[in-house]
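> Next come the chains, spelled out residue by residue.
There are 2 protein chains.
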Amino acid sequence: MTTGRSSVRMGPAEMVQAAAMARRFYLEGKSKIQIAEEFGVSRFKVARVLESALERDLVRIEIRVPAELDAERSDALRARYGLRNAVVVESPEGQASDAPDPENLGAVAAGLLGELVNEGDVLGLAWGRSIITMANALDRLPPCTVVQLTGVYDAGTAERGSVEAVRRAAAVSGGEAHPMYAPMVLPDAATAAALRKQTGIAAAMSYFDKVTVAVVSIGSWEPRVSTVYDALSDAERKHYADLGVAAEMSSHLFDADGRRVGRDLRERCITVDADRLRRVPEVVAIAGGMRKAQAVGAVLRSGLVTSLVTDTAAADHLLNHQSPGPRPALERADPGEA
Amino acid sequence: MTTGRSSVRMGPAEMVQAAAMARRFYLEGKSKIQIAEEFGVSRFKVARVLESALERDLVRIEIRVPAELDAERSDALRARYGLRNAVVVESPEGQASDAPDPENLGAVAAGLLGELVNEGDVLGLAWGRSIITMANALDRLPPCTVVQLTGVYDAGTAERGSVEAVRRAAAVSGGEAHPMYAPMVLPDAATAAALRKQTGIAAAMSYFDKVTVAVVSIGSWEPRVSTVYDALSDAERKHYADLGVAAEMSSHLFDADGRRVGRDLRERCITVDADRLRRVPEVVAIAGGMRKAQAVGAVLRSGLVTSLVTDTAAADHLLNHQSPGPRPALERADPGEA
DNA sequence: CTCCCCAGTGCTCATTTGATTGCCAACATG
DNA sequence: CATGTTGGCAATCAAATGAGCACTGGGGAG
Numbered sequence: 001m002t003t004g005r006s007s008v009r010m011g012p013a014e015m016v017q018a019a020a021m022a023r024r025f026y027l028e029g030k031s032k033i034q035i036a037e038e039f040g041v042s043r044f045k046v047a048r049v050l051e052s053a054l055e056r057d058l059v060r061i062e063i064r065v066p067a068e069l070d071a072e073r074s075d076a077l078r079a080r081y082g083l084r085n086a087v088v089v090e091s092p093e094g095q096a097s098d099a100p101d102p103e104n105l106g107a108v109a110a111g112l113l114g115e116l117v118n119e120g121d122v123l124g125l126a127w128g129r130s131i132i133t134m135a136n137a138l139d140r141l142p143p144c145t146v147v148q149l150t151g152v153y154d155a156g157t158a159e160r161g162s163v164e165a166v167r168r169a170a171a172v173s174g175g176e177a178h179p180m181y182a183p184m185v186l187p188d189a190a191t192a193a194a195l196r197k198q199t200g201i202a203a204a205m206s207y208f209d210k211v212t213v214a215v216v217s218i219g220s221w222e223p224r225v226s227t228v229y230d231a232l233s234d235a236e237r238k239h240y241a242d243l244g245v246a247a248e249m250s251s252h253l254f255d256a257d258g259r260r261v262g263r264d265l266r267e268r269c270i271t272v273d274a275d276r277l278r279r280v281p282e283v284v285a286i287a288g289g290m291r292k293a294q295a296v297g298a299v300l301r302s303g304l305v306t307s308l309v310t311d312t313a314a315a316d317h318l319l320n321h322q323s324p325g326p327r328p329a330l331e332r333a334d335p336g337e338a
Numbered sequence: 001m002t003t004g005r006s007s008v009r010m011g012p013a014e015m016v017q018a019a020a021m022a023r024r025f026y027l028e029g030k031s032k033i034q035i036a037e038e039f040g041v042s043r044f045k046v047a048r049v050l051e052s053a054l055e056r057d058l059v060r061i062e063i064r065v066p067a068e069l070d071a072e073r074s075d076a077l078r079a080r081y082g083l084r085n086a087v088v089v090e091s092p093e094g095q096a097s098d099a100p101d102p103e104n105l106g107a108v109a110a111g112l113l114g115e116l117v118n119e120g121d122v123l124g125l126a127w128g129r130s131i132i133t134m135a136n137a138l139d140r141l142p143p144c145t146v147v148q149l150t151g152v153y154d155a156g157t158a159e160r161g162s163v164e165a166v167r168r169a170a171a172v173s174g175g176e177a178h179p180m181y182a183p184m185v186l187p188d189a190a191t192a193a194a195l196r197k198q199t200g201i202a203a204a205m206s207y208f209d210k211v212t213v214a215v216v217s218i219g220s221w222e223p224r225v226s227t228v229y230d231a232l233s234d235a236e237r238k239h240y241a242d243l244g245v246a247a248e249m250s251s252h253l254f255d256a257d258g259r260r261v262g263r264d265l266r267e268r269c270i271t272v273d274a275d276r277l278r279r280v281p282e283v284v285a286i287a288g289g290m291r292k293a294q295a296v297g298a299v300l301r302s303g304l305v306t307s308l309v310t311d312t313a314a315a316d317h318l319l320n321h322q323s324p325g326p327r328p329a330l331e332r333a334d335p336g337e338a
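Protein chains in written order, with my numbering: chain A, 1 to 338; chain B, 1 to 338.
If you are wondering where the hints come from, they were derived from the structure by calculation, not from laboratory data.
Given the structure is predicted, the values throughout are model-derived calculations rather than measurements.
A portion of the hints provided could be inaccurate.
[Unchecked claim] Straight-line Cα separation of at most 27 Å, DSSO-like style, residue types lysine-lysine; simulated pairs: (1) A:32 / B:210; (2) B:32 / A:45; (3) A:30 / B:210; (4) A:30 / B:30; (5) A:30 / B:197; (6) B:32 / B:45; (7) B:197 / A:32.
[Claimed, not checked] Derived, one-sided and incomplete: chain A residues facing chain B with beta-carbon distance under 10 Å: (8) 10; (9) 12; (10) 18; (11) 57; (12) 58; (13) 63; (14) 65; (15) 71; (16) 74; (17) 76; (18) 309; (19) 312.
[As the list claims (entries may be wrong)] If you anchor each label on the Cβ, the simulated ranges turn out as follows: (20) B:60 / A:267: 38 to 48 Å; (21) B:275 / A:40: 21 to 31 Å; (22) B:67 / A:31: 25 to 35 Å; (23) B:103 / A:321: 50 to 60 Å; (24) A:238 / B:51: 16 to 26 Å.
Even glycine gets a Cβ: it sits at the ideal position worked out from N, Cα and C.
Just need the whole structure built from these sequences, with the hints factored in.
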């Protein structure tokens, strides 16, 4: 700032010399002292020349990530919300608020999973469209046990999607699969309790305590954006909406500040407990799109999530219109151990 | 080289983290230690991540110079021939060996002169087409005295070109002009001697010892490529060619090794002595094109020249087909003082 | 099972680097 | 002419950095 202004023009000799020095320094990795000796100037001079070369854009440094990733927002999100990992996927241009999670979200999450999962881990998968997409996009995964964290959502086309996802992940990984053939939301607590005692379901649930990496989805309290919302009656929807539900994750409900609300719902659901989830060293949430942005913020503020895969639209909202809230970064065991 | 291979794929989290670290380091100027603290890793980890980011082209550093300059060849020439400054101008594409010095050469030389000349300097200009071009391209020059170093070449269109160049340079600079109204090559030594006694010419020549920056041109011993060659008779041309003339500069002749030959020619010429030229702290030669490449090499080997402005074609020849010769870099007074 | 190898990590020490300060020359001003 | 000011430059010292080394833990071969 104090020396060469960008406005004063450099002559060709200065330019060429600066370029030569910059080449030595940045591309050939020579030290400034070596360069100073070669050019017969003091090392301070070299430093000044390089500094001004930087100012004048004679040296251009760019950080290139694959086009679909937004490094800047990823980093900002990670820092702001105290996440261990944040990956922001570029939202397709022109696609407005009603776009669901883009295809990319799943593919990128699959890549992230490949990084986070180590051999011997126990991977838990909740329900979610993006999670299905992710499972399909998985191409390699270290050997690990895969367990289903929630019941399935039994409407729409991808009926047994969650089961499929668990099977697919286990197949790619080469490990055991522990799916659950049960709906996520049941008519009443009794039915749910009965189901939980079923051999297969109980077997799967017995792994919940061992899960080292969980993948969850986030929905907002709107039709077609929350699995649970869609599964309830109008009266029930109204009931929970009055509690101030802002987000739903694996059938757990949160208000805008990330506090659990409507805990009674849990009794009717086949899902992993929030407290158990909190003990999972690495919880990856996948959700994107404008409509889910608020919900994602709410869940982040709950402190249940350690990593996030989202898109530009949601990231912008989280960065510009929401605050991380009081809960600091998570203090969990490092997900490194098995 | 030892750590991350370029072939092993990075997951999105690693990618995003590497990008974030690279941004901090390269664009925001944070230290690796700061980055290590922020990300909760050791500074060595940061160093390794940045190193691998460099290997994987996640960080791209490019040295950008104005398109017309060839930084790499400039630097190579400077280093190989021990020059103080070397500037290589991009030869226009497809323009073959018979291209004379491109327009750019003069413009770039003008810029170089603006750098090299300081207030109070005495600038000497020899004859040469590029020097005329250069003078026309001059846009600013510190106040200095401008002296004509050689007589003019009195044929062709730009008849009094050299005089014009001196006047123009003085006008831009705001200093005195000392032109010489005399031809460069004369029929015999007596005529030359008589001319040298002329008031105006003698006045100009009295400045030769004070010249601090000289600009000269280089020609090869061919028609239309050397001013002197064109001014001689066939017999004379043959005579000097038999002496092994490879280059001509301000009516001084050099063989391929940079040794002076045909010194008798000097008697017939109005020009600055080679020995005086050698005492000038900064001698800038301007010459380009394939046909002059050999000649440029010869003059460089004479050690008379401290800086060179040339083009890609000549530079390639100088770098690939010629050697710098025994004479090391010049040991002259720094051109800094007035 | 042991052993070796290998990749990854963090440490130590020597070197490099940046921020600060002091110096000198050029210049404007009283 | 003396003096203050400014700007560029080099020296100093503390912080940052790199190269080499030791440690560890897992995986495969014998």
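> Next step is simple, just say for each hint if it's right about the structure.
Here is how each hint holds up against the structure:
| no. | hint | in the structure |
| --- | --- | --- |
| 1 | A:32 / B:210 | 37 Å, violated |
| 2 | B:32 / A:45 | 24 Å, holds |
| 3 | A:30 / B:210 | 40 Å, violated |
| 4 | A:30 / B:30 | 21 Å, holds |
| 5 | A:30 / B:197 | 56 Å, violated |
| 6 | B:32 / B:45 | 9 Å, holds |
| 7 | B:197 / A:32 | 54 Å, violated |
| 8 | 10 | 8 Å, holds |
| 9 | 12 | 5 Å, holds |
| 10 | 18 | 9 Å, holds |
| 11 | 57 | 7 Å, holds |
| 12 | 58 | 6 Å, holds |
| 13 | 63 | 5 Å, holds |
| 14 | 65 | 5 Å, holds |
| 15 | 71 | 4 Å, holds |
| 16 | 74 | 4 Å, holds |
| 17 | 76 | 9 Å, holds |
| 18 | 309 | 8 Å, holds |
| 19 | 312 | 13 Å, violated |
| 20 | B:60 / A:267: 38 to 48 Å | 56 Å, violated |
| 21 | B:275 / A:40: 21 to 31 Å | 26 Å, holds |
| 22 | B:67 / A:31: 25 to 35 Å | 30 Å, holds |
| 23 | B:103 / A:321: 50 to 60 Å | 57 Å, holds |
| 24 | A:238 / B:51: 16 to 26 Å | 58 Å, violated |
The structure does not agree with the numbered hints 1, 3, 5, 7, 19, 20 and 24 stated previously, though it agrees with the rest.
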